[in-house]
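Chains Z and G are the protein sequences, given in the same order.
Residue numbers for the first sequence follow the UniProt record's numbering, beginning at 1 and rising by one.
Residue numbers for the second sequence follow the UniProt record's numbering, beginning at 1 and rising by one.
Bear in mind the hints are in silico, worked out from the structure with no lab data behind them.
Take these hints with a grain of salt, some might be off.
The list treats identical chains as one, so a pair stands whether inside a single copy or across any two.
To be verified - Below are the EDC-like pairs computed for lysine to aspartate or glutamate, each with C-alpha atoms no more than 20 Å apart in a straight line: (1) K157 / E228; (2) K184 / E154; (3) K157 / E183; (4) K157 / D219; (5) K81 / D51; (6) K231 / E131.
Protein chains: 2
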Amino acid sequence: MIRVSILGTGNVAKHLFATFMKIEDVKVVQIIGRNKIALKIFGNSVDTLSDFSKISDADIFIIAVKDDAIAAVSEYLRNKKGLIAHTSGSVSMDVLSGQRRHGVFYPLQTFTDDRKVAKNSVPYCLEAHDETDLDLLKNLAGKLSDKVYEVNSEQRKVLHLAAVFVNNFTNHLYHIGKEICDEKGLPFAILQPLIQETLDKTKQLTPYQAQTGPARRGDSETISKHLEELKKSGFGEVYGVLSKSIGKLYGKDTNGQHH
Amino acid sequence: MIRVSILGTGNVAKHLFATFMKIEDVKVVQIIGRNKIALKIFGNSVDTLSDFSKISDADIFIIAVKDDAIAAVSEYLRNKKGLIAHTSGSVSMDVLSGQRRHGVFYPLQTFTDDRKVAKNSVPYCLEAHDETDLDLLKNLAGKLSDKVYEVNSEQRKVLHLAAVFVNNFTNHLYHIGKEICDEKGLPFAILQPLIQETLDKTKQLTPYQAQTGPARRGDSETISKHLEELKKSGFGEVYGVLSKSIGKLYGKDTNGQHH
């Protein structure tokens, strides 16, 4: 049995809580947060606490608060025996170095309110100051997911950056695709099989090999037509820069200039 | 029974041939192409032909050649009784208007050599000059897929443009994510669940609602750090322009300038 407490009431805290509650040999001791209304969402099945001076001990304290609040929140755990781990992609483990036992428990996933993420599909990126503590985090993560990685602070920082590209920016491209479809009365669903195949391909081929399209072919005529069509939309600059970046990668000289 | 002939030997021709061969009441009459070596790939189960003067009649002729060759290839079908349809996303139906019966049979998917695409998952976008011919194309497409759409030339043009964003550009973002991971010895597989969730989200939320990340939050500090990290990679411009585009969409003033 691993006894876990969570500090924070945001999406990561909520997701971790929901996941822990499904695992028999994990017990959530307390959910700790300043916001009493936010604490209510966690229901009556767990002890919630807004007074940080009354935190009980636990095997692992998981700090799931905003990046710039991690250090301050960790101060409330100064006299605890448990391991203290934050969940941030971009903050170094060292922010917790004032604490005896410290580490990182970073779920590499995008959590949106009210959307459940398939169990076992979340990669956990772990780091700890101590070998024994790393084993403890591995033990906990292993109960939640098949995908457990040891990732140091330097790697985690770039992982977070890579995630911005493949998640945040990709989602924005979906938005642009949807806008273009909406404009002409086409359903966004028409694009979804193509999007799925784009992803599935990368399981057999590298994205470098899988690349297709006008910029890859160096087809400046199509690129010019597309830039022309995009003039009113404001998405021409995105099109131009991405086409230029692809062209450069494959040594094609296209006129993917900004319009 | 629908008798179909295919003109062309590229990825679309190969995919359609493989799909037709699995459908009992579709018969492939001929595969026609100039390149005899390319024709060999289609094997002995079908009549292949490199002499364009010997084309037999069929119910539907599918022209799956490069965009700028469609008109020329269609001339060889001038005296045929069958319906003539091209498979291009970006060429208007009118390119075939010299032919009595003409239309478009556009599979909205990315076909890569040697990679099979799940049956039924390809949306077919159809257009025909004649109502009866549209029904014939619908009949054929309905045997191949659950997703059959009537899409006019104007809509198809923008669909192709939307596909560049959600397929070609998204794939390039995957490439950048992989490069960033490679650099620090991290496997690209670590990002795949996140990529899958980014896509799955759009089935419940619009991409506009699903957007997360530093540019969405207007978190200029993280954006600056990321641009700094990207200096050597050459991907800073892509990061800057996409962050700026997201910031603009959500009314956030970030410093996602090009470096």
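Checklist entry - Between copies, within a copy, both or neither: which fits K157 and D219 at Cα up to 20 Å? => result Between copies only: 16 Å across chains, 36 Å inside a chain, cut-off 20 Å.
Next on the checklist: I want to check one pair: K81 and D51. Are their C-alpha atoms no more than 20 Å apart within a copy, between two copies, both, or neither?
Outcome noted: within (19 Å within a copy, 83 Å between copies)
Checklist entry - Within a copy, between copies, both or neither: where do K231 and E131 come within 20 Å Cα-Cα? => result neither (57 Å within a copy, 34 Å between copies)
Next on the checklist: Within, between, both or neither: how does the pair K157, E183 come out at a Cα-Cα threshold of 20 Å?
Outcome noted: between (38 Å within a copy, 12 Å between copies)
Checklist entry - Between the shortest in-copy and the shortest cross-copy C-alpha distance, which are at most 20 Å for K157 and E228: within, between, both, or neither? => result between (38 Å within a copy, 12 Å between copies)
Next on the checklist: My question is about K184 and E154: at a cut-off of 20 Å on alpha-carbon distance, are they close within one copy, between copies, both, or neither?
Outcome noted: between (45 Å within a copy, 8 Å between copies)
The structure is inconsistent with hint 6 alone, although it conforms to all the rest.
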